[in-house]
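Asks: Taken in order, these protein sequences are the chains called A and B. In terms of my numbering, the first sequence is residues 1 to 167. In terms of my numbering, the second sequence is residues 168 to 244.
Any given hint might turn out to be false.
[Stated by the list, open to error] Per the computed footprint, the stretches of chain A lying under chain B, defined by three or more beta-carbons under 8 Å from a beta-carbon of chain B, are:
1. 18-26
2. 89-96
3. 109-122
4. 148-159
[To be verified] A few chain B residues facing chain A, derived, Cβ under 8 Å:
5. PRO172
6. THR173
7. VAL176
8. ASN178
9. CYS179
10. THR180
11. GLY182
12. LEU189
13. ALA200
14. LYS222
15. LYS228
16. ILE239
17. ALA241
18. LEU242
Quick caveat, the hints were computed from the structure, so don't treat them as lab data. No residue lacks a Cβ here, since even glycine has one placed at the ideal position from N, Cα and C.
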Amino acid sequence: MATYTLISSTTVGSGGSSSIDFTNIPQTYTDLKVIYSARAASGTTLDVYVRFNSSTTGYSRKLLYGTGSSALSLGDSGNLYITAMAAANYTASTFSNGEFYIPNYISSNNKSVSGFVVTENNATLSYIFDAAGLWSNTSAITSISIIPDGVNFAQYSSFYLYGISNA
Amino acid sequence: MSETPTKVVVNCTTGVTEVIPLTAQEIADMETARVAAEDQRAAAEADAAVVAAAKESANAKLAALGLTAEEIAALTK
Chain A
1 MATYTLISST
11 TVGSGGSSSI
21 DFTNIPQTYT
31 DLKVIYSARA
41 ASGTTLDVYV
51 RFNSSTTGYS
61 RKLLYGTGSS
71 ALSLGDSGNL
81 YITAMAAANY
91 TASTFSNGEF
101 YIPNYISSNN
111 KSVSGFVVTE
121 NNATLSYIFD
131 AAGLWSNTSA
141 ITSISIIPDG
151 VNFAQYSSFY
161 LYGISNA
Chain B
168 MSETPTKVVV
178 NCTTGVTEVI
188 PLTAQEIADM
198 ETARVAAEDQ
208 RAAAEADAAV
218 VAAAKESANA
228 KLAALGLTAE
238 EIAALTK
């Protein structure tokens, strides 16, 4: 049976934050999972990407997403966009709800990651993302950065990092 | 933004959370990323609009040929 242990959590303060970095992650679990609720402080973007060990290379993803009126898909490389937040022009005080899962984060193989998130908006336009990502790097993951694309996370955005043991 | 942007760093070993001001380079990178992200999203949504318009046009042409709405739906499933 899997055992979830809360490693760390944080909630963004009144000044907002341009990223959330979980550093010095214990190398004692089997998998990692991040659960979050997020909103942008400004702009219209809802894109959020993830970096491991501050690395800027080696990422690719496949994404299925819905906009409220269309179902779409894409695959690309570059930043690892597997998460999302409610844009600042969405209904006030709404946040996204999402999670991403990293199995075998201390292995010497490339790292896979899966993500799922929905945004909240009192309008036709609102997103659901279902993503699969790959970090082509054999290093153990010691840090995770969660980065809103070019904007700040709004106050009260919150992030929880869990370690998952297989027993 | 009038205040210097900051980032939150959570040290999972010590439990210490710090709020750290961004460097000038990090601020410049953030602005570049913002512009690129908004351009990319606008392009993706424009592409989706083109596909939707083509679908609507195709359905209209099928209807003009005499197909019923049920027959058109059956073709696109």
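Asks: A separate judgement is required for each hint: does it hold in the structure or not?
Replies: Hints, one by one, checked against the model:
Note: the region 18-26 of chain A has 9 residues with beta-carbon separation from chain B under 8 Å; the three-residue rule is met and the coverage holds. Remark: the region 89-96 of chain A is not confirmed as covered by chain B, as 0 of its residues place a Cβ nearer than 8 Å to a Cβ of that chain, below the required three. Judged by the Cβ-Cβ criterion of 8 Å, the region 109-122 of chain A is not covered by chain B as claimed, because only 0 of its residues qualify and three are needed. With 4 residues having a beta carbon nearer than 8 Å to a beta carbon of chain B, the region 148-159 of chain A meets the requirement of three or more and the stated coverage holds.
With a least beta-carbon distance of about 5 Å to chain A, the hint placing PRO172/B at the interface is held under the 8 Å criterion. A hinted interface residue such as THR173/B counts as satisfied when its beta carbon comes closer than 8 Å to some beta carbon of chain A; here the least separation is about 6 Å, so the hint holds. The beta carbon of VAL176/B is positioned within 8 Å of a beta carbon in chain A (closest approach about 4 Å), and the interface hint is therefore held. Annotation: interface hint on ASN178/B holds; nearest CB of chain A at approximately 5 Å, less than 8 Å.
A cut of 8 Å between beta carbons decides the hint on CYS179/B: the least distance to chain A is about 5 Å, and the hint holds. For THR180/B, the interface hint holds, since its Cβ comes within 8 Å of a Cβ in chain A; the closest pair sits about 4 Å apart. Checking GLY182/B against chain A: minimum C-beta separation of about 7 Å stays under 8 Å; hint holds. Restraint check, LEU189/B versus chain A: the minimum CB separation of about 6 Å is within 8 Å; hint holds.
Interface restraint check for ALA200/B: the shortest CB-CB distance to chain A comes to about 4 Å, inside 8 Å, so the restraint holds. For the restraint placing LYS222/B at the interface with chain A, the shortest Cβ-Cβ distance is roughly 10 Å, beyond the 8 Å limit, so the hint is violated. Taking 8 Å as the C-beta cut-off, the interface hint given for LYS228/B is violated, the closest approach to chain A being about 21 Å. Among the interface hints, the one on ILE239/B is violated; its C-beta lies about 18 Å from the nearest C-beta in chain A, farther than the 8 Å criterion.
Interface hint at ALA241/B: violated, since its Cβ lies 19 Å from the closest Cβ of chain A, which is beyond the 8 Å cut-off. A hinted interface residue such as LEU242/B counts as satisfied when its beta carbon comes closer than 8 Å to some beta carbon of chain A; here the least separation is about 18 Å, so the hint is violated.
When held up to the earlier numbered hints, the structure conflicts with 2, 3, 14, 15, 16, 17, 18 and fits the remainder.
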